[in-house]
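Work out the full structure, taking the sequences as your base and the hints as a guide.
Chain residues, written in single-letter form:
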Amino acid sequence: MTTITQGHAAQDHAHDSHGPARGLSRWLFTTNHKDIGTLYLLFALVMLFVGGGMALVIRAELFQPGLQFVNPEFFNQMTTMHALIMVFGMIMPAFVGFANWMIPMMIGAPDMALPRLNNWSFWILPFAGTILLSTLFMDGGGPAAGWTLYPPLVLQSGNSLAFAIFAVHLLGMSSILGAINIIVTVMNMRAPGMTLLKMPMFVWTWLITAYLLILVMPVLAGGVTMLLTDRFFGTSFFQAAGGGDPVLFQHIFWFFGHPEVYIIILPSFGIISQIIPTFSRKPLFGYSSMVYATAGIAFLSCIVWAHHMFTVGMPLAGQMFFMMSTMLIAIPTAVKVFNWTATMWRGSLSFETPMLFAIAFLFLFSIGGFSGVMMAIAPVDFQYHDTYFIVAHFHYVLVPGALFAAIGGAYFWLPKWTGHMYDETLGKIHFWLSAVGVNLTFFPQHFLGLAGMPRRIPDYATQFADWNAVSSVGAFLFGFSQLMFVYIVVKCIRGGKQATAQVWDNPEGLEWTVPSPAPYHTFDEAPLIK
Amino acid sequence: MPLNTLTLARKAVLAGTALLLTAVLPAHAAWDLNLPRGVTSTSREVFDLHMLALWVCTVIGIVVFAVMIYALLKFRKSKGAVAAKFTHSTTAEVIWTILPTLVLIFLAYESAPALIRIEDTRNSEMTIRITGYQWKWQYEYVGQNVSFFSTLAQTSNEARQLDSGLDPHQVENYLLEVDRPLVVPVGTKIRYLLTSNDVNHAWWVIDLAVKRDAIPGYINEGWFTIDEPGIYRGQCAELCGKDHGFMPVVVEALPKAEFDAWLASQQAPAT
Chain A
1 MTTITQGHAA QDHAHDSHGP ARGLSRWLFT TNHKDIGTLY LLFALVMLFV
51 GGGMALVIRA ELFQPGLQFV NPEFFNQMTT MHALIMVFGM IMPAFVGFAN
101 WMIPMMIGAP DMALPRLNNW SFWILPFAGT ILLSTLFMDG GGPAAGWTLY
151 PPLVLQSGNS LAFAIFAVHL LGMSSILGAI NIIVTVMNMR APGMTLLKMP
201 MFVWTWLITA YLLILVMPVL AGGVTMLLTD RFFGTSFFQA AGGGDPVLFQ
251 HIFWFFGHPE VYIIILPSFG IISQIIPTFS RKPLFGYSSM VYATAGIAFL
301 SCIVWAHHMF TVGMPLAGQM FFMMSTMLIA IPTAVKVFNW TATMWRGSLS
351 FETPMLFAIA FLFLFSIGGF SGVMMAIAPV DFQYHDTYFI VAHFHYVLVP
401 GALFAAIGGA YFWLPKWTGH MYDETLGKIH FWLSAVGVNL TFFPQHFLGL
451 AGMPRRIPDY ATQFADWNAV SSVGAFLFGF SQLMFVYIVV KCIRGGKQAT
501 AQVWDNPEGL EWTVPSPAPY HTFDEAPLIK
Chain B
1 MPLNTLTLAR KAVLAGTALL LTAVLPAHAA WDLNLPRGVT STSREVFDLH
51 MLALWVCTVI GIVVFAVMIY ALLKFRKSKG AVAAKFTHST TAEVIWTILP
101 TLVLIFLAYE SAPALIRIED TRNSEMTIRI TGYQWKWQYE YVGQNVSFFS
151 TLAQTSNEAR QLDSGLDPHQ VENYLLEVDR PLVVPVGTKI RYLLTSNDVN
201 HAWWVIDLAV KRDAIPGYIN EGWFTIDEPG IYRGQCAELC GKDHGFMPVV
251 VEALPKAEFD AWLASQQAPA T
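Top line first, the protein sequences correspond to chains A and B.
Counted from 1, the first sequence has number 160 at position 160 by the numbering used here; the numbering is strictly sequential.
Counted from 1, the second sequence has number 229 at position 229 by the numbering used here; the numbering is strictly sequential.
Hints are supplied without guarantee of correctness; some may be wrong.
Straight-line distance between alpha carbons at most 27 Å, and here's what the computed DSSO-like set of lysine-lysine pairs gives [what the hints assert, rightly or not]:
(1) B:LYS77 with B:LYS242
(2) A:LYS530 with A:LYS198
(3) B:LYS77 with A:LYS497
(4) A:LYS428 with B:LYS77
(5) A:LYS198 with B:LYS242
(6) A:LYS497 with A:LYS428
(7) B:LYS74 with A:LYS428
(8) B:LYS74 with B:LYS85
(9) A:LYS428 with B:LYS79
(10) B:LYS85 with A:LYS530
(11) A:LYS428 with A:LYS491
Facing chain A, from chain B, some residues (calculated, C-beta under 8 Å) [to be verified]:
(12) ASN34
(13) GLN161
(14) ILE215
None of these hints come from the bench; they were simulated from the model.
C-beta: ideal position from N, C-alpha, C; glycine also.
Take a look at the structure:
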């Protein structure tokens, strides 16, 4: 893609006077993109276990028919909070963490363009997360109407709804600020010579993601604000009794919600596009078609939202439009999968842990893509809609999709961040446990959905017992294997084999031209890109 | 040796999984894998479309995964593979953009007529109004002066309480039984009008391939024609609060004469 001349970056670690502050104030007041990236990633890791714990409550209850552990009210709070925490508290912050750490280093910038804003966009998160979680301990419990917050059901929530909505506002604000920062950084701070079409794919995917965020987060904020006034101030935006329209909220929500899916998956595509060429020892195949495919997906993602709503009773023409536009998304997505495969073709492959996660992503994300095409077909979606088939589908794209990309990315860049190699053997064991666990959890859910099990139910008819038991066993295996990841990360931070600047075999990109660990300040002088 | 540890670990995982699987296999296993074909022309059409899409995806999946697996096995550094230098191929990229496009056009072409038929409620022979409540269904036979509620059967309701101590496996049609099913005639195009009295619900019977949301302030319509007498079970499919999982749908399809007799008995003044 690009030929890189190493700048003076490697000597930057001599600037000791610019080192980090000591103690807590380093983390509270930091404006350093690496520190903030670390904070984001740690926050995401904590939330992975909070949201994962909720998933295990759900899977424990669903292990066998009958209610054994929780009542239906609490079960509904768990499904709702699990989704909100995982989407807004875990996977989105994780990718912003990667963006913070890697984008300045990849484009040869000394830091993010707006460092104080950067600090603020992170520090909103712990407060938002705490407010959201605190609703579980309030009178009436946390939100229980599903993460989609559909009225009129959500309007039956207790006063804690106000806190949940406020938390969503804050999380959205944090995302918007982060997105602004990323756009300004990428647009203004690229090293001389790095034209847009020389940027690494990860930067490209994040640039497009950031625009999507700015487009749709305000829409969500507007939607939930209308919920707030409906619930507490007597308006009737969504209440039929007052002349409002419950379906309007669904349109608003999914106008945000569908691009949101791609806000999560595009940075994953970016990470995969960095990992696969590195361990194939071959440049990314079809770089420009990858960029166009990413932009194409982002555009299409804004005109397909009502495929989440085929059963609400849309006019025939509307169903036709959303069916066909949804199918179109499969084309750029297929192009991406083919390009990754072509990158590996006639390469020189090795299978370090990041590559294992990337390969698993390739296979398992494709499975999620296939079920996505099936569900695009509106007449058949009447059968799939709101069953475990859709649960299987979106978990395939979000867990072995987005989460595997994030974990793979963490292994990929950990040596650059910490200066130590992680334990490869443990990493591989972690991979295999995760891969087995994730398939055991989610593959049987396809069968459950097709056999007729609705989603979001705490108890089920006995013919669904067997696959549910398998799924629960898989979930516990998957959940507990993630403790290994924590152990591996901690071990890598504390020590291990010294990593070289390149870390891997001749990888491409500016981040590999600076020493490992990356010095506190990199690229005080811009590197030259030919 | 790291390699040995790894192989051992993999074996241990596999063995453990197999053991766990054996442990949870009950005697009365019901390992359903697929959609049922159902008992309406729509459900069969939908089933065929589902199988078509499934096979298209399976074939594409096998081809793509085979290429990936071949690449993973063949181009290994450990086997001395040397990386080629190519970075793009316009021909290949054009081909693999056009191919999926053709497949999708084919799928859309096959699906569109089904969607048009599903939405065509003309020429229906009777109309039933279905209203969702938290957490039961109301059925009204429009113009027949028959109307009743349908709620979860008592046996299921007792067994589903937290720590009830009752074994769901011992309850017949656990969670899929109601006190009064919706009774309909076979071979009759039945139009349903669907709405809700409180929050969103969705009326779903998999064997009829009918799933539609019941939304307050909206009246959604659809239709079904059942071919075979029988009892068909479904559930509410849209989260509607704490007892969302406990408001099943049961449809009993009777031969026309029996249905007429049943309807007459319902219309008779209560004694």
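* Asked: Can the restraint linking A:LYS428 and B:LYS77 be considered satisfied, given a maximum Cα separation of 27 Å?
  -> Between A:LYS428 and B:LYS77 the Cα gap is close to 18 Å, so the pair holds against 27 Å.
* With a cut-off of 27 Å on the C-alpha distance, tell me whether A:LYS530 and A:LYS198 pass. => It holds: about 10 Å lies between the C-alpha atoms, which stays within 27 Å.
* Interface hint status, B:ILE215 versus chain A (Cβ within 8 Å) -> holds (5 Å)
* Has the given pair, A:LYS428 with B:LYS79, been kept, meaning a C-alpha gap of at most 27 Å? -> holds (20 Å)
* Have a go at the B:ASN34 hint: is there a Cβ in chain A nearer than 8 Å to its own Cβ? => holds (5 Å)
* To do: Please work out if B:LYS77 and B:LYS242 have their alpha carbons no farther apart than 27 Å.
  => Measuring from Cα to Cα gives roughly 56 Å; hence the hint is violated.
* Pairwise hint evaluation, B:LYS242 against A:LYS198, where the allowed Cα distance is 27 Å at most -> violated (53 Å)
* Holds or violated: B:LYS74 with A:LYS428, Cα cutoff 27 Å? -> The given pair, whose Cα atoms are some 21 Å apart, holds under the 27 Å limit.
* Would you check the hint for A:LYS428 and A:LYS491, treating anything up to 27 Å between C-alpha atoms as holding? => holds (15 Å)
* Pair hint B:LYS77 and A:LYS497, alpha-carbon separation not exceeding 27 Å -> holds (23 Å)
* Asked: Given the hinted pair B:LYS85 and A:LYS530, is their alpha-carbon gap at most 27 Å?
  -> holds (19 Å)
* Does A:LYS497 pair with A:LYS428 here, judged by a C-alpha cut-off of 27 Å? -> Holds. A:LYS497 to A:LYS428 sits at ~17 Å (cutoff 27 Å).
Violated hints, listed in ascending order, are 1, 5; each of the other numbered hints is respected by the structure.
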